[in-house]
Amino acid sequence: MTDPDHTVLVTGGTRGIGGAVSLHLAERYQGTVIMAYLQRHDDAMAAARSVAALGARPVLIQANLAYPDDVERLCATVREHTTRLNGIVHCAATTNFTTALGLQPRHLDAIVHMNVTSLHDVVRRLASLLPRGASIVALSSMGARRVVPQYAAMGVAKAALESLVRYLAVDMGPAGVRVNAIAAGLVPTESTHHMPQFDALVNDVAQRTPLGRIGTVEDVADVVGFLLSDKAAWITGQVITADGGLTLT
Amino acid sequence: MNTTHSIDTVLADVISVVAQALMTSTEKVHADSRLYGELGAESIDLLDVRFRLEKQFALSIPEGAIIRSLGPGLTPAEIDAALTPRNIARFVVSMLNVPAS
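For the protein sequence lines, the chains are A and B, in the order given. Take the first sequence: its letter number 43 is residue 37 in our numbering, and every next letter is one higher. Heads up: take any position in the second sequence, counting from 1, add 108, and you land on our numbering.
One chain only, chain A, in its complex shape:
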């Protein structure tokens, strides 16, 4: 059912899973999709055109969530565009690929900040825009709970993110706002292509996945859409694993 007043902020909303989420929301609600992005302005403009072609209203905001000033500016700009947010989807992420012992402390700090602290800051600043029934979804990873090679920084950050989701869910429950995360398995995006030995990894994961394939950005976007919807009204503080059954094997 379309809802022209439906408005969602998607961080990392112009590429990868976030880009797919933006398109999913555009098609479903034909409301407003506020897409925060870090770089590649031309790609962001193309994403905005795709959202508009689906009948939704795109709003592009460039912001580096690693910088508190940018988070403040992002949230102030969101407030200029709307007095109400039906949801926040946190897809923005950054990482490097190294072992736990090879990880430099400043990189761990930066990656935790981008993945976790930025979400906390955004939610803290925009909480008053979230009415009863609103939903926050954060993108986590199987690396939060299982050791994925060369994934130490992101794994640690996503584990912290999942814990933040639980604490926010308890804090925001009385206000009728749900907070959940999705732990997606390996999903090919431009970012994940930088993972070491990516092609071999894809083949290995596909063979070990009970559903016989690797996931797509649309697979994850569909789960985000469910968690944002009223159909997930009794789910909060949870990490939904969407990996084709990979972590069962």
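Calculated directly from the structure, the hints in this document are not laboratory data. Don't take each hint at face value.
[What the hints assert, rightly or not] Partial pick of chain A residues on the chain B-facing surface, computed with a CB cut under 8 angstroms:
(1) R34
(2) N58
(3) T88
(4) N90
(5) R100
(6) H101
(7) A104
(8) H107
Since the model is a prediction, treat every value here as computed from it, not as a measurement. All C-beta atoms, glycine included, are put in the ideal place defined by N, C-alpha and C.
Got chain A sorted already, so can you dock chain B onto it with the hints?
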């Protein structure tokens, strides 16, 4: 009034940016310090350098532009040798001195 920027006028700021990104002191960052080999930078640090340069100099720096400015078809070893604050300052100057259209 138009100001033509020179490497000398921006180098100190570039060194400061690099030091901030690498969370080290400016005393440890010299004009010809190799970011990757000597200063321990990784690609994630170069991303931070780029964004800090954008803020410092009010520039919009395309992704990969700093590395491309070092020269075409460089090997990783050549990039390591060339990625220095001095060459980054050269790149910044080239962007600052582009006439406004």
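Practice problem: Hints the structure violates: just list their numbers, smallest first. | Solution: 8
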